[in-house]
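Engineer: Listed in order, the protein sequences are those of chains A and B. Its first residue numbered 43, the first sequence is counted upward by one per residue in our numbering. Its first residue numbered 43, the second sequence is counted upward by one per residue in our numbering.
No wet-lab data here; the hints were simulated from the structure. Some clues are possibly wrong.
Copies of the same chain are indistinguishable here, so a pair counts whether it falls within one copy or spans any two.
[Claimed, not checked] Straight-line Cα separation of at most 30 Å, DSS-like style, residue types lysine-lysine; simulated pairs:
# : residue 1 : residue 2
1 : K143      : K399
2 : K232      : K118
3 : K122      : K66
4 : K399      : K438
Source: prediction; values computed, not measured.
Number of protein chains: 2
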Amino acid sequence: MKQKLHFESNHPIAQYKAFEAIKKEQGVVGYYDLPEQDITPIMAYCEEISEEIETVVVVGIGGSSLGAKAVYEFLKPTTKLKRKLYFIETTDPIALRMIFKEIEIEKTHFIVTSKSGTTIETFAAYKYILTLQPNASAYTFITDPDSPLEKYAREIGAYLLNLPSNVGGRFSVLSVVGLAPLALCGIDIKTLLAGAKHVKVSFFDQGYLQEPMLKKAVYYAKNHWQYDINCIFAYSESLKYFTEWYVQLWGESLGKHQRHSSFHLGLTPIGLIGPKDQHSFLQLLADGTRNKTITFIKIDDFEDDMMIPDVSLPHLESLDTINNLSFATLINMQCDSVIESLLAEKNIPVDIITLPKADVHSIGSLIFYFELITSLVAELMDVNAYDQPGVESGKKILKNKLNAR
Amino acid sequence: MKQKLHFESNHPIAQYKAFEAIKKEQGVVGYYDLPEQDITPIMAYCEEISEEIETVVVVGIGGSSLGAKAVYEFLKPTTKLKRKLYFIETTDPIALRMIFKEIEIEKTHFIVTSKSGTTIETFAAYKYILTLQPNASAYTFITDPDSPLEKYAREIGAYLLNLPSNVGGRFSVLSVVGLAPLALCGIDIKTLLAGAKHVKVSFFDQGYLQEPMLKKAVYYAKNHWQYDINCIFAYSESLKYFTEWYVQLWGESLGKHQRHSSFHLGLTPIGLIGPKDQHSFLQLLADGTRNKTITFIKIDDFEDDMMIPDVSLPHLESLDTINNLSFATLINMQCDSVIESLLAEKNIPVDIITLPKADVHSIGSLIFYFELITSLVAELMDVNAYDQPGVESGKKILKNKLNAR
């Protein structure tokens, strides 16, 4: 992947400090080690799942589903998949019914993922599914070591996989949480990790990504009062769910009280898809308040030769300029045109990430890139990237309501 | 629908002025008249489309697709539909191939919608589709009266429908732009318009919605420098695409230069879905910068009896509190708990919209409610809600690139 910044950022001391702080997190914060993990146990687990299983359903919410969904949906259109993957991540009965209509229970394996082992939404759905499929061998549970859910899984004799307890939910896509369902669908998780490793090495070993990533992180942190909205604008429909993963990662990691002050901080993430959102959000980017940074994501080579044919339409001859153009060329020309138009404005910080292809290595790289940038910005803003204290109060209120009924 | 504000707003003069300004727009701005339109021509048009057509594809982008998609996706799970509806709203070749794989060309009718009649994305796709289906009777064109596209449609003998030229793209869902594809799918557009009319009458004729809507609009406009992000947090998966429609409506209408100043203004829209985004965005709402208003949207009666069964899981007995609860009750308890937790914080302006059911009347109401609020806030912020000058520069650059190749 390539990374180009279109804004000035030159603060070597802050860059140095951020880099040193992040280096120290290695070995403590678990996600840094995931690219080098041994995937033999996951591949062995996959071998145990019957060939007759055609569908995998992840029952999980937030960090338990968004990562696998991002990778799966990105690769689905261009990859030969072994199984279909669904996600049950709601308590909305209408949405649940829709999913149950689509799957054939007997040919489905359920992966129930809950780091804490007590997620309300996940267990509401799981208890319902149990009435349809009581057989323990149809289930895999993914949870922290020694959680009550681990004990339950052992007791009923279901499959059990542990994620390292120092890997947070929203940083867990490259752990067994994401890898197990993806591998079951035939996705090449070895190359996924190689993509992540590529970014890791480049960043930590003074490769070509180190300087732009540090500069970007320092710029975002230094200017967070002005630019408190960070958009990614991806010119690929397949990155739609990647943007949802990014929204959780960024919003939940960076929206919180500062460690050493009483300030409420927070960088607000927004995911946009081009060219669609040129007809929706672009007006606000171009003419609205100057409080948004924009990271464009492009696919360099779509490996696709679909062409706009050489057809001239009466009264619409002005549109002949697109004839004989490939769609892949057109979408990238659209992206470049929007970038140029925004760079012509003042005070809109733009940077561009270019992925070589729409493949598994690229998405692995992209994931690790955003995880690293998140950790860097958190460090520079003096917030803890790895907790989410703000969601506890709503959970407690719900618990009281449930106990009171 | 019900509307409840959990913030103080008492500015009778501003409310009065906004109301008077909006009243004056009637007859000039076209969307206000749509609830009373005569749908006989649309129903007659639907009769002309062959019963053998099983799929309708809208080829259009932005205002030409988002509205119909919002309504269709909201009703799809609970409505008996006559035909399937797809949307081609991209130039991404990978996404286009996915759609063409799913549809059977011979049983498909294409509705090509472009207000201006020259939208690049729409015609790139249309030219390609022409190579698969050259028969003019397989196409309906929706465009402004007297556009070049109207001339083209007449010349080839395709179906032609006009939208009123004073109805802007993002305010066009209740015009033929949304109604034609929805009616073709068997959706009850009469009741859709009745839902809109309900809000219109309540607002303009001093009904129960007038005061809270004016108060909310004044609050948003008066505090736009502090609260420059407006979230809707909908507790229904089916409102996912409604939030995308809202993002365009709000962002493109309110993100621009003030009429009488050189200020860049802009309220940033964000769409959230519960309970999923409790595990993603909620942390930022609860602990992040106090720059966000939140409008919760609830479905009062899901008309669904799916239950969490009375199952106790060993080691997980703490989860027995959800047993014998309907999913519909649970999701609304979750919503209420999050609302309570946010109201306990300071400086988070919350309001709640409750829809009686997940039905066509409700979505019609919701659409008109958000259109009205958008017009009101624009008036109070001194911006023109109905143009989008900021997107022109990117279009020009693309045109030059296309001419230069």
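Engineer: Is the C-alpha distance from K399 to K438 at most 30 Å within one copy, between copies, in both cases, or in neither?
Structural biologist: For K399 and K438, the Cα distance is within 30 Å only across copies (28 Å; inside one copy 45 Å).
Engineer: What label fits K232 with K118 when the C-alpha limit is 30 Å: within, between, both, or neither?
Structural biologist: within (17 Å within a copy, 39 Å between copies)
Engineer: Under a CA distance limit of 30 Å, which applies to K122 and K66: within one copy, between copies, both, or neither?
Structural biologist: neither (40 Å within a copy, 58 Å between copies)
Engineer: Should K143 paired with K399 be assigned to within, between, both, or neither, using CA atoms and 30 Å as the limit?
Structural biologist: Intra 35 Å, inter 22 Å, cutoff 30 Å: inter-copy only.
Of the numbered hints stated above, the single one contradicted by the structure is hint 3.
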